[in-house]
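Next come the chains, spelled out residue by residue.
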Amino acid sequence: MSSFGRFDCELRSSLPATLEAVEVFFVEFRRRGEAMMERADCFAAELLVREALTNAVVHGCGSDPGKQVRCRLRLRKGRLLIAVADDGAGFDWRTARHSTAATSECSGRGMEILRQYANRVRFNDKGNAVTIIKQIEGGTRYDNGNQGR
Amino acid sequence: MSSFGRFDCELRSSLPATLEAVEVFFVEFRRRGEAMMERADCFAAELLVREALTNAVVHGCGSDPGKQVRCRLRLRKGRLLIAVADDGAGFDWRTARHSTAATSECSGRGMEILRQYANRVRFNDKGNAVTIIKQIEGGTRYDNGNQGR
Amino acid sequence: MTMVTREDNRAVVQPGGDMIVAATIPELRARMRDIVDQGVRDLTIDLAGVRMVDSSGIGLLIAAYNSLRKVGGRIALIHASNDVLELFRSMRMHQHFSITGN
Amino acid sequence: MTMVTREDNRAVVQPGGDMIVAATIPELRARMRDIVDQGVRDLTIDLAGVRMVDSSGIGLLIAAYNSLRKVGGRIALIHASNDVLELFRSMRMHQHFSITGN
Ligand SMILES: Nc1ncnc2c1ncn2[C@@H]1O[C@H](COP(=O)(O)OP(=O)(O)O)[C@@H](O)[C@H]1O
Ligand SMILES: Nc1ncnc2c1ncn2[C@@H]1O[C@H](COP(=O)(O)OP(=O)(O)O)[C@@H](O)[C@H]1O
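Top line first, the protein sequences correspond to chains E, Y, S and P.
For reference, each letter of the first sequence is one residue, going 1 to 149 in this note's numbering.
For reference, each letter of the second sequence is one residue, going 1 to 149 in this note's numbering.
For reference, each letter of the third sequence is one residue, going 1 to 102 in this note's numbering.
For reference, each letter of the fourth sequence is one residue, going 1 to 102 in this note's numbering.
Hints were generated in silico from the structure; no laboratory data involved.
Even glycine gets a Cβ: it sits at the ideal position worked out from N, Cα and C.
Hints may be right or wrong, so weigh each one.
Facing chain Y, according to a computed beta carbon distance under 10 Å, are these residues of chain E, among others [said to hold, decoys possible]: (1) Asp8; (2) Arg72; (3) Lys126.
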């Protein structure tokens, strides 16, 4: 397998704070993501973006369609950066981020999923902006493999 | 149709100066291009990249597998930039670029295709690097259209 | 649309769509509640068509487990994809569920 | 592999692969040359499976046209995709060929 080069990309999006808008976003996310990443990475990437976006929409904006959630995704040098921000009050992530839900709790698993699937998770001081880093297998190089003519 | 944001991407590639490598390149080009552009734009974009790469490989490098051709593609704000360079002697593009092959000539149509399909074509002084600009329909914004749930 | 196949106090649920996520759980939650209210005690959730589950989806499955446990019932997840299986495993869901892949 | 269907001095050629471009034309050129050498005078090129044609591909079609014209033959292109039709039109190929879309 030889590599011919590098592929970087960046998506900047601002979407209404509704779960419906999140799903519209993911229709495009998947179409683009599948052309950019290996299948296993697509699942992990989508899951991370989902947890961050859902928290911003639900907790940050109270699902108010008049509010906006900002999302930036960048794939560069084998690293996916996910940055999600809302204009809400934030929260005490210093306490929450080490929480692990009891197995019979019905909520509170978003933070743990971020921790499990990401290589790094950082919040701004206020807690209304999160930056997630995920190492990606097939993200930057494309290999000719056996697809050649 | 509402737009949620902007999608930019950049591909940097260096490939051996053979027509086979060009085809390997296009397998990936198409996979990514189809996720990034409308179908009609994909054809025009591929055609422009083909003409530039084929000239660099054949005329710039004499199809010598020991030589390399460099290619950079950038999609940003509805514009596709295609930059292709080789280490060959270049040519007198000032004369060649306005040429139109007689309809019964068997070669010499690459320049005309660039002129027909691109919005702008520029060469470096020597003539071994070309930069092509193409406006793209569906390049930067993604619309939710009727794909939503 | 979520599909339910019932036989006595057993039911198999096939969630509609290909995701069990925040946006899609209200419908699924209502259906599962009905089923338990109607006396189902042995619930199988067929994940064959499910590509994605998020933390809200996991929460819903746990909620279903909790309400069935209260009435002496049980729940099983079948046909989970590899990605979903790995997620469930990393979230320790096998402590409560019988989970099988496809 | 390029497919050729022959009947008397007529032949229909279906290029192998989905492109007529620099990398793929040597094989197609050889086949078309053989056909003309074998006496075919009425050549139809079926572009149904062809997604892409570049300037080298156009050059090959023109070369085939030229050699057929010398011996009093003719050539027609059928089933061109919209993208390929537009390319042929912008390159003024309809001055020589009968070209139809699909
Ligand atoms: N963007 C945010 N704005 C405000 N609060 C947040 C935000 N993100 C997370 N939180 C808080 O962190 C808590 C834990 O989040 P999480 O682990 O995702 O579980 P869940 O969303 O199921 O409650 C949430 O209940 C919420 O209080
Ligand atoms: N990268 C390059 N290096 C050297 N010469 C080039 C390069 N690109 C184009 N040329 C010259 O310009 C001429 C016209 O190119 P083009 O219109 O593509 O027709 P063709 O490739 O069929 O000859 C070529 O024959 C070649 O002499």
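Query - Violations among the numbered hints - result: As far as the earlier hints go, only 3 is violated by this structure.
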